[in-house]
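Given the coordinates of chain A, assemble chain B onto it according to the supplied hints.
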Amino acid sequence: MNAHLKILSAGPAMSLQDMGREGYLAHGLTRGGAADRLALHEGAALLGQSPDCAALEMVGMGGTFEATVDTVIALTGARMGATLDGAPLTWHASHALPAGAKLVIGGAQAGTYGYLHVAGGFQTPVVMHARASHLNAQIGALCHIGDTLPISANASARSGYFLTPDPRLQGGTIRIITSFQSDQFAQETRNRFAATSFQRDARGNRQGVRMHTDENGFYATDGLSIVSEVITTGDIQIAGDGAPYVLMCESQTTGGYPRIGTVIPCDLPKVAQAPVGAPVQFEFISHAEAIEIEKRARNEVKALATKAQPLVRDPSDIADLLSYQLISGAVSATADPFA
Amino acid sequence: MTDGPTIKTVGLSGLLVSFGTAMSEPANRAALAFRAALEAENWPEVSETMMSLVSVFVAVDLVSIPAAQVEERLRDLLGKQDWTAAPLPGGRTRWHVPTVYGTDLAPQLAEAAEVTGLDPDTAIRQLSSARVRVLTLGFAPGQPYLGELDEVWNIPRQQNLTKSVPSGALVLAIRQLIIFTAPTPTGWRHVGQTAFRNFVLDAAKPFALSPGDELSFPAIDRGAFDKIGADDRYGGADRESLA
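Protein chains in written order, with my numbering: chain A, 1 to 339; chain B, 340 to 582.
Next up, chain B with everything else stripped away, as it sits in the complex:
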């Protein structure tokens, strides 16, 4: 990232602070840190905030509050530090989510490996040892965009959509992984299957993950997968707190 952050209006709904125009690790870290700082500020005119891959959306009623006024406050806060160099916020969780790669549960592992030029065993070894971060939650409730994987995984979405992949599916494209919240048609390749549930309405904590959480997807076999209880919404995942 060479240019400074930009601020643009989002209709009459608020402002968008962008730290880049394409996904990058520094821009994502900046958005994560800036959103945390903005939440801590608790400005009365801000009704909510969210982060996308490289930006922070700041919800403000621009019918009653001039955009210029909010932009000035945002500029002041932006000027306080180099957000791309900010440390990751505290209070995050590291998750180890057991995953079946390939088989009929995740039928596109071999195809994804072929696109990268890796053999399937190497592909599984890489994916099951990769550590990724929640870059953003979005599209569906609690659904994480996870990254970034090594450059070798910079594979495009497939041209034709897969009609439906189930909830808990681990799908891959453009150096990112997603765990699907609900059955979804998708152009991302279905490489693994977890029993992890991003969103459980009746749970004490409906949304499992937060931006900044770290995940890994250790490989398990079908037998171990089938033993995961249907009532375990975390799909047998181990958790540890990151200071």
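Okay, chain A solo, but in the shape it has when bound:
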């Protein structure tokens, strides 16, 4: 039998994502991939597998799923209510998903982008070196009710682990650095930008996120006549109405609106996850400081696998307790459980 995860119900914006596609900028295609790449690393750490595995990205709302084979899943990113055959599942954790059991993932309680990972990763065809759907470029598509997503029939992964995630689901201070167009803005404008309290606007998606303020716009000194230039993920573009947009993984590759600064890479998940209305403030830091912060963040990502902890479960949370093999199958206390 083919190994699949069946989608029995689906939120409005679910798609398969991985680390995206590098190397196509010259062709007009941005990297795409998961809006919150840190969540992919967390899922990989929980399951003890590669962060390159594709996962299901769920925007604001999950769905109902059933696997045709026994597998293991992990849940990361935006915190969503989840149950397995009616019993609640801990978020930011890995769980056994027996064949035929119903996994229900509800609406986001904190954050925007939730992720469902499976052992071995989803096995959809690789297109231009990645499995990620790039919706804006019409590569891949949203997932719908009735889709059957191929998974690995015999991938091993560990269940029953949890991670305490890097806090990033409620907005907050986003660290930014200057970029090549920052000097198109007067220093006074940049100061006012950094002193302004924004809210994450309802207008936001994988292309960009608008930040709302009731204050005056932030205009460049020569804003409408600059030549179109390369866009990198995290650039804060000031549109014609003076409002900032943080450009995300599926942005266009070039743009004519000036950019006041760019979000440092390790703060991008915080921008992606900020729910509509969440407070956001931008803080300029030096390039040297940004490099140090980024180095630390990369080391923390590398150490994620060692931070996953066994989940201590309350037996009353386990709906089918009696079906568990609780006695035999003891393992050596000295063996490497991740080997």
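Read the hints as simulated data drawn from the structure, not as lab findings.
Just so it is clear, the structure is predicted and the values come from calculations on it, not from any experiment.
Note that CB positions come from ideal geometry on N, CA and C, so glycine has one too.
Warning: the hint list may mix true and false statements.
[To be verified] Okay, the calculated bits of chain A under chain B, using three or more residues with CB under 8 Å as the criterion: (1) 156-170; (2) 176-187; (3) 258-266.
[Unchecked claim] Partial list, derived from the structure: chain A residues whose beta carbon lies under 8 Å from chain B: (4) Arg79; (5) Gly234; (6) Gln252; (7) Thr253; (8) Ile291.
[Claimed, not checked] Computed beta-carbon distance windows for the label pairs: (9) B/Glu378 <-> A/Val312: 46 to 56 Å; (10) B/Glu411 <-> A/Ile285: 20 to 30 Å; (11) B/Glu411 <-> A/Gln187: 25 to 35 Å; (12) A/Asn205 <-> B/Asp541: 18 to 28 Å; (13) B/Pro495 <-> A/Pro279: 34 to 44 Å; (14) B/Ala361 <-> A/Gln309: 50 to 60 Å.
This is chain B only, laid out in the frame that chain A set:
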């Protein structure tokens, strides 16, 4: 262009070598030639490069490699020649893309002509005989910015966006043409319609065009347009190789 090229950092993602601050033919040729030279160098620290109208973006992980070090290497390469005088790279293609001007397929031809002061027939004659080059690919996958047209075509974008023009649309503003990859809202005027597809995911060559390719848009009538097969992703275009 009077000043030399500038080099600036692009966040922590790389460096930008600019040959000008506004679109110009010499600056675009310089960017085209410099990017080709940089690609040929194949530096290990450069993960990818792209050109915009007048600049080359050099992707480097500035968290692990100091910007100053890469800038020095770029300066050395820049100093090797006058890039604005560089010949166009080889291996380019010339395309002749059949195009319907005006009609309900491209309803803003007359309006664009009016802005220039040309009558519609003259406008069509000029556009269908113009030869333009891919100045850069960008915004959407494989989408070319083409130029430059004669100065008479230096018309501004319209104030209000057209809600959506279809893929294959030939749109015009500021002496440039674009063939749209996908249906797009735009301030550029929709003057022609082609059956050309910039990006076809399943094709052996997903991206049809490369920077430096030359294009012309000979006029055809509606009958000829309707005969172009839906499976012809090049929309009936003739191709020739440029040495």
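Here is what the structure says about each hint:
1. Under the rule that three or more residues need a Cβ within less than 8 Å of chain B, the assignment of the region 156-170 of chain A is violated, with 0 such residues.
2. With a cut-off of 8 Å between beta carbons, the region 176-187 of chain A has 3 residues touching chain B; three or more are needed, and the interface restraint holds.
3. Under the rule that three or more residues need a Cβ within less than 8 Å of chain B, the assignment of the region 258-266 of chain A holds, with 3 such residues.
4. A distance limit of 8 Å between C-beta atoms decides the matter here; for A/Arg79 the minimum to chain B is near 29 Å, and the interface restraint is violated.
5. The restraint placing A/Gly234 at the interface with chain B holds, with a minimum CB-CB distance near 7 Å, inside the 8 Å limit.
6. With 8 Å as the threshold, the beta carbon of A/Gln252 comes within range of chain B, its nearest partner Cβ sitting at about 5 Å, so the hint holds.
7. Interface restraint check for A/Thr253: the shortest CB-CB distance to chain B comes to about 5 Å, inside 8 Å, so the restraint holds.
8. With a cut of 8 Å, the hint placing A/Ile291 at the interface with chain B holds, because the nearest CB-to-CB distance is about 5 Å.
9. A beta carbon spacing of about 54 Å between B/Glu378 and A/Val312 agrees with the range 46 to 56 Å that was offered as a hint.
10. With their beta carbons about 25 Å apart, B/Glu411 and A/Ile285 fall inside the hinted range of 20 to 30 Å.
11. Judged by the Cβ atoms, the range 25 to 35 Å given for B/Glu411 and A/Gln187 holds: they are separated by roughly 29 Å.
12. Between A/Asn205 and B/Asp541 the Cβ separation comes to about 26 Å, which falls inside the hinted range of 18 to 28 Å.
13. Look at B/Pro495 against A/Pro279: about 39 Å separates their beta carbons, and that is inside 34 to 44 Å.
14. Here the CB-CB span from B/Ala361 to A/Gln309 is close to 57 Å, well matched to the stated 50 to 60 Å.
In the structure shown, a violation is registered for the earlier hints numbered 1, 4, in ascending order.
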